[in-house]
Amino acid sequence: MGKVKAGIIGSGNIGSDLMVKLMKSETLELTTMMGIDASSRGMQHAKKLGLTVFDNGIEGLAENPDLVDIVFDATSAGAHIHNAGVAKELGKQMLDLTPAAIGPFVVPAVNLHENLHAENVNLITCGGQATIPIIHAINQAAKVEYGEIIATISSRSAGPGTRANIDEFTETTAKGIEQVGGAKKGKAIIILNPAEPPIMMRDTIHAIVEEGSMDREEIMASVQRMVRHVQSYVPGYKLRTEPIFDGNNVTVFLEIEGAGHYLPKYAGNLDIMTSAAVKAAEEFAKNRLKVAANK
Amino acid sequence: MSKIKITEVALRDGSHAMSHQYTVEQVKTITKALNDASVPYIEVSHGDGLGGSSIQYGLSGTDELKLIEAAVEAADFSKIAVLLIPGIGTIEDLKNAHRIGADMVRVATHVTEADVSKQHLETAKELGMETVGFLMMSHMAPVDKLIEQAKLMESYGADTVYVVDSAGALLPDQVAERIKALRQALTVDIGFHAHNNLSLAMGNTLAAIKQGATRIDGSVRCLGAGAGNTQTEVLAAVLEKMGIETGIDFYKMMDIAENIIAPILPGTQEITKDSLTMGYAGVYSSFRLHAERAAKRYNLDSRDILIELGKQKIVGGQEDMIIDVAAELAKKNKITV
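Those protein sequence lines, which keep their order, are chains A and B. If you count the first sequence from 1, you need to add 1286 to reach my numbering. If you count the second sequence from 1, you need to add 335 to reach my numbering.
Since the hints were made in silico from the structure, they are not lab data. Fair warning: there could be bad hints in the mix.
Part of the chain B face toward chain A, derived, beta carbon under 10 angstroms [what the hints assert, rightly or not]: (1) D450; (2) K666; (3) N668.
We put the CB at the ideal spot given by N, CA and C, even for glycine.
Pulled out of the complex, with its shape left as it was, chain B reads as follows:
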C-alpha cells in the first residue's frame, strides 16, 4: 500500500503551547523517544520558526539552536527539520541551523505571498537540504490562487509543497478540493498540515491522503498551537488499520504521549472555546494564548477578540494586532456602557 511520511511537529508547533520554554533536556528525551519509534522527520524550532524568539511571539527560554543541536545529537534515524518564515527568520539563521545538522527546512509564507520564499528555498537547495514550501492560512485563498503560489514554490526548488491549515478552518471537502487540484498541477510531493480546532484534523488528513498527499504533519498528544494538530499516535494507528504504511511504531508513540508528553503539558490539549472560535473564524492558531492574555488585560471575552481578528483578515505573525484589536474593543465597550 502507499507510503506516507509523517513529520512530528510537537517540538515546533507545540512550542506555542509551551510558551517557547522547551529545555535541552526535554528536547533530547522527546527526540530520542520519537527516533526509537521510527518517526521519519522531527521539526524543532521556535513556534514561529528560526529567529522567532521575540517580544512579539514570546522569547525562547533556551536558544533554539541549542535545542536543534540537542535533537540532531539524539536522533540517528529521524531527520531533523526546521521552520523558517521569511520576514522573521533569515538565510543566516538557516545556515546556522544547517551547520549544526538540520536536514530539512520548511519555508513558510502566507498563502498569497510565496514569492518571498525564493531566496530561502534556493539557498537551502544549495546547502543540500531537503526543502518544503509551506503555504500557511491556506483557507484564505481560492483554489486557483493556491495553485499559482504552490507552483512558485515548486519552481524555487521545493521538494514538497504543503497545504497548511494554520487556523484549523478548512472542512474535509475543501481539503480534498485543494489537494486534488495541487496533485494535478504539481509534480513534487504534496503535504498537509492540520489543526484540530474544529475537531477535523484527522478527517481532513484522511481526505488529503485520499487525494494524493504523501507528507503529513502530526503532533503527539496534540501538542501544537490552538487545539493542536492531527494527533500523531492516533494517526499512526488509523493509517495502520487502513493498510497505509508509515513505518512508525504506534505502540511506542502511545507511550511517548502518555509517559513523556502528558506530564509536561501546561494544560490538556482539548478544544477550548478559544480554539473552537479560531477554527470557526479562521484565525492563526498561535494567537490562542496571546488572546487570552489580552482578554485579561482589557477585561474582554477572548472570543470577541478572535472573531474581530478574523473579520479584519489578520494573517499569521500579526500578534501585535491582538492588543490593538483588544484596545479598540475595550474603547467601544466603554462608549456603549
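The shape of chain A in the complex, shown without the other chains:
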C-alpha cells in the first residue's frame, strides 16, 4: 500500500513531536516542515531528516502544492485562520492542533468516522482528548446530564500559548464535552502543578447521569472498552483507580503518560494531542488510499 504525503506547520515542541511520530507512520509519509525560523531546533532537525523545509510557513506549500496532501497545523489560533484559508484553496486536508476551532471537533475514539472527509478538523484540547472519550463511554451506558472534568498538568508542560489564554482551554473543553461527549452540560477546570519531578497528566471526570439510568456494570464495561480503544493510539492512557459510584454520580480517574518521543514522558497532555492528530490523519489517509484503490 502507498502512503499519503503529510506536512507540518510549526516547528516548536508540538511540531517536533509530530515529526517523530509521523516518521514512524505506515500510512503517512512526512515530506515537509513549514516554520518561520530556519535556525530553530525543529527546523534544523527536519533538514537533518531530509524533509523539505520552508521558512515562510504555508506560503512555501502554496508554491509547491504537490508536496503534501494532509497538513498538521501546530502554530497558534491566529496563524491558523490564515493557514486554514490557504490549505482550503489548495485543497489540502487540515488537522488543527490550535484552539482556533474552525472545523468540527474530533476525538479519534469517538467521532472520527463522521469526519473522514472534512477539509478541516480541530483536535479540541489535551484535556478534551483525554476526557471526552470517557464522557462518551458513560453516555452510551447512561444518559449524562452533566459532565465535569479536571485536568491537572505539570507546569513545565504548559506552554506560553496555553498560559496566555487559559480560558480557551476551559471554554473549548466544556464545549467538546457537550458536542462530542454528549453531555447535556459540560464544565472544565485546568490546574497547573509545579512539583518537581514533574507530575504525569491527571484527569478526573465527574458525570451525573439521568435519574434512574444508572447501571454500574454497563458503565464500567463501557469505560473499560473505551480505555482500551484510546490505548490503541495513546499507549500511556490508563485508569488510576477504580471508578467511584455515588448515587447518580460517576467519577473516573485517569493518568496519561507520554510516549517520550520528542517531549518528556510527563507531558502526557501534549502527547495525547499529537497522538490523536496522527491517529486521525492516518485514518484520513487509509480512507483516501481505499477510495483511490476502488477507482
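Mind docking chain B on chain A? Use the hints.
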C-alpha cells in the same frame, strides 16, 4: 498613623466552611451589617472563586451572581470584591460580575504560575475595576521566586499584590521576610491573607503590617477555610490599640460576629486536628471538609491523608487528589494488614 484597608472574606473564604450554601438572605444581612460597620471591602464568591461551583469543589446552593448582586444592593459604603482563579473562572465570569456591580477582582494563581493571570488582570483594568494579584500557597516558593511572580502581576496591572498563606503554614519570620522583600521590589500596594491553622494568623498579620503590608484580609468569627483567617473583629480592635487606623467600628463587628455569624456556623471555627495538620503539612485550607469525607469513605485518619497530600506537593484546586490519595492509602493499609 498609617492606614490599613481590610477586606472581609467570610462571604468567599467562608463559603468553604459553609459548603457553598450561602443564601441571598444571609448575604444581604451580613453585607448590610458589614457595610454599617464601615468595612471597606467585602469579598463575595464561591470559595474557589467565580465559576467554582462544581462537583470538584462543591456545587453552590445559590448562583453566586445572585449572591454578588445581593451584596452590591446591600452595600452603599463597602466595595464588593470577587475572586477569580484562572483555570476555574473565566473572563466571561468576570464580565458578568462586573456588570452586576463588582468593584474589585482578586485574580489568584498558584505562587509560581502568575503568568496565567495576565489576561484577567488586563481585562479587569479595561473594565475599570480595582485589581489585586493573589499569589496562593506562598509558602511553597522561595522568596526570589515570589518576587519574580509578584512583579509579573504588577506588570499586568495589579493595583495590589497579596502574599496568600493558603495553607496557614508560614511562620512570622517567614511572613516578614516575604513582605519586606516585596516592599522593596514593588511599587504597588502589598497585601497579606492569613489562615489560622497554626494559630498564627494574627501574629503573621502584624508581622506583615510591620513590614509595610497595607491591605489585609480578615474573616469575622474566623469564618474561612480550615481554621479560618485573621479574625476581623479582633484585628480591628488590635489595630485600634496599636493606633493604626482601619475605619472599622469594631464594636459593631463584635455584634456581627456574635449575633449574625455565630448562629449560622455549621460548627465552631476552632483549630481542629485537621486544620492544625494542614498548617503543619502545608496543605490548601479548603481541603478540610473534603479530607474528612474521604477519611470516612475509606475508613482512614484524615490527618494521614492531609500529610500525604503535603508530601506530594498538591496545590490549591486539586481536590480530586484527596480521593486519589485516600484510595491509595486504603490500598496500602489492606496490604499491610
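Evaluated hints:
1. With 10 angstroms as the threshold, the beta carbon of D450(B) comes within range of chain A, its nearest partner Cβ sitting at about 5 angstroms, so the hint holds.
2. With a least beta-carbon distance of about 8 angstroms to chain A, the hint placing K666(B) at the interface is held under the 10 angstroms criterion.
3. Taken as an interface hint, N668(B) does not check out: its beta carbon lies about 14 angstroms from the nearest beta carbon of chain A, beyond 10 angstroms.
The structure fails to meet hint 3 from the earlier list, while all remaining hints are met.
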